[in-house]
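As a plain string of letters, each chain reads:
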Amino acid sequence: MATEVTAVYDIRRRYEEARSGGMRSEVAWVAWRSLKKLTRNPFLIFFSLFMPLVWLLMFSQTFGTMFSRGAMTRGVPLPYDFVAVMLPGVAIMTAIQSASQSGFGMVADIDSGFMDKFFVAPIRRTSVLLGKMLADGTRMAVQSSIVLFIAWVMTFVAGWRIPFATGFFGAVLIVLLATGFGIAFSGLSNMVALRSKSTETTMMVSFTLTFPLQFLSTALIPRDLLPPWVQIFSSLNPVSYLADAARSLIVTGYDWPVIGKACLAIVVFGVVLQGLALQAFNAQGK
Amino acid sequence: MRQTETQTQAIIDVRDLVKVYPGRGPGTQEPVRAVDGVTFSVAGGEFFGFLGPNGAGKSTSIKIITTLLAKTSGVVTLCGRDIEREAEAVRRLIGYAGQSIGVDGELTGRENLTLVGHLYHLPAALVKERVAELLAVLQLEEAADRPAYTYSGGMRRRLDLGSGLIHRPRVLFLDEPTTGLDPQTRNAVWEYLRKLHSEEAMTIFLTTQYMEEADQLCQRLAIIDRGKIVAEGSPTALKAEIGADVVTIRIARDEAFETNRSRALTIAQKVPNVRRAQSFEEGVSVHAVNGGETLLQIVRVLDAEKINIQQLALSHPTLDEVFLQHTGRQMRVEEEKPASRGGPWRRGMRRN
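Protein sequence lines correspond, in order, to chains A and B.
Going by this note's numbering, the first sequence opens with residue 2, and the numbers climb by one from there.
Going by this note's numbering, the second sequence opens with residue 505, and the numbers climb by one from there.
Calculated from the structure, these hints are not laboratory results.
Keep in mind that the hints are not guaranteed to be accurate.
Result set (DMTMM-like, lysine to aspartate or glutamate): computed pairs, CA atoms no more than 20 Å apart in a straight line [stated by the list, open to error]:
hint, chain 1, residue 1, chain 2, residue 2
1, A, K287, B, E590
2, B, K699, A, D11
3, B, K732, B, D540
To give an idea of the chain B side of the interface with chain A (calculated C-beta under 7 Å), a few residues [said to hold, decoys possible]:
hint, residue
4, T570
5, Y600
6, D608
7, H625
8, L626
9, P627
10, R672
11, E704
Calculated Cβ distances over 12 Å to all of chain B for the following chain A residues [said to hold, decoys possible]:
hint, residue
12, V31
13, Q62
14, Y81
15, V121
16, P164
17, F208
18, F212
19, I222
20, F234
21, S236
22, L265
23, V272
Owing to the predicted nature of the structure, the values given are computational and were not obtained by experimental measurement.
Here a beta-carbon is modelled for each residue, glycine too, at the ideal position from N, C-alpha and C.
Just need the whole structure built from these sequences, with the hints factored in.
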């Protein structure tokens, strides 16, 4: 009996002293779980791709006519279609949409008690947030890539005139910008989710803030075509900086000062919103 | 050496634990003292339990000890380590299975366990080995690669238990481990917990609102009510304190109920052999040395006094009587039925 008990202690010690994988592994496993969930949910995958495609087709068809008739370009015909102007905006809006839903999973995990599994394990709380960002980021990158890819295919299939001025690497840069901004913006949804612990509240706050951010920006329409008050608002709106940078990559070429501003917008927005989310996360159980 | 050390030392040591929830929102402005100065300790290898009604402070206490919730004041150590200053070390030593089953329904059973195994920094090979072992022990092998949302309540409970055991903790914390389970599944869980305790020398701390569960499983238990420990000891010792048979007289619920109850109490106190008589919500509870005889005597007097009796019962003391003796109320078990939430005995103190 005594030896058996000693054997139990020996086995137990092997487990207690295990320190396999540091913070990087913690983050990776949290992300693995979120992504695994995503692949298990075909409806979610379908609809998270469906919405940006609807925008791409709907906006390009409705506004496209106005654009091609010169109504939106003050009579000067341009060598590309309206879809080239709004494509970068749609790529970014796709990421923003995903980001605005990020908090829902947080509420679900708190409600189900799954979050306690993370909190009772010997991992850093930051790992849980970073893992979630990594998973969200992967999803956003895939979504915005698909938007760009389909637009590219449409240049052959439907004769869309999109210059893709910076080619493949420019497209990669757009995906990175969209993903970076999406990750930064997801802090808002997570912060609201953690403070309110309610899906309804998170949805309301996200939607009410997401729409003006998207439409009172240069995401779909260039700055000089916006009404003056919207111009003022849009110059304060980080989405505009992202849209301007992405648009230059499609229409004109590498405009580094504009891209730099977009990166700055990501960093400032990200530090503030994710900082608030981290604060709310650390306040759990207090 | 190690063995004697862990078995003699208190593994869980709680001193003057207090948790005050600030009043939030309309109607609950008053701060709530969910845990109000709780002190106890649990020795290595012990099967210890918190028995109490909903809202007594069981969940709050267990969440504080498992580092899930911050305390207001008091000192809590686990294996000699402070739960706040050495939280990470403490987390490696404990396993926790909560009241709400923390299983991810979209992941399979195997994936759920694998994820948690890696969160404890176990090497991949060890995770694989341990997951297979647990799936076998918990009889989840066949369902291992099915999403957990297809599992029955009992299977989910077992899976959740498994994720609390993945790292072979020294102490296992279980918050109402059989609430919402059918009797058969409940027995199976009890069986498994007994096995864990005896074969793996595991210290187990559970909370429960079921008298029978506490009686069957716990070597020692603390009865907790309104945030305070009102009695502590082994189930046998607690019941022996009563030292007599129990006669329960339920008075008919008519307009004279209140008067009849106090009259019955006065009468019962005068009957010889009665050690103690006490009234509760439904009538009077009497502890008597020779229960059968006393029962007859009481009935005769009550009948002569024309007090309407609804029901009479004679029993050996159970933890019900222990609870009643210490709190003046009967402990009622509320099954998990959302519609019945907010009964008078809950006092709105439950926090999950």
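Here is what the structure says about each hint:
| no. | hint | in the structure |
| --- | --- | --- |
| 1 | K287(A) with E590(B) | holds, 17 Å |
| 2 | K699(B) with D11(A) | holds, 19 Å |
| 3 | K732(B) with D540(B) | holds, 6 Å |
| 4 | T570 | holds, 6 Å |
| 5 | Y600 | holds, 5 Å |
| 6 | D608 | holds, 6 Å |
| 7 | H625 | holds, 5 Å |
| 8 | L626 | holds, 5 Å |
| 9 | P627 | holds, 4 Å |
| 10 | R672 | holds, 4 Å |
| 11 | E704 | holds, 6 Å |
| 12 | V31 | violated, 8 Å |
| 13 | Q62 | holds, 36 Å |
| 14 | Y81 | holds, 43 Å |
| 15 | V121 | violated, 5 Å |
| 16 | P164 | holds, 42 Å |
| 17 | F208 | holds, 24 Å |
| 18 | F212 | holds, 29 Å |
| 19 | I222 | holds, 40 Å |
| 20 | F234 | holds, 35 Å |
| 21 | S236 | holds, 40 Å |
| 22 | L265 | holds, 36 Å |
| 23 | V272 | holds, 26 Å |
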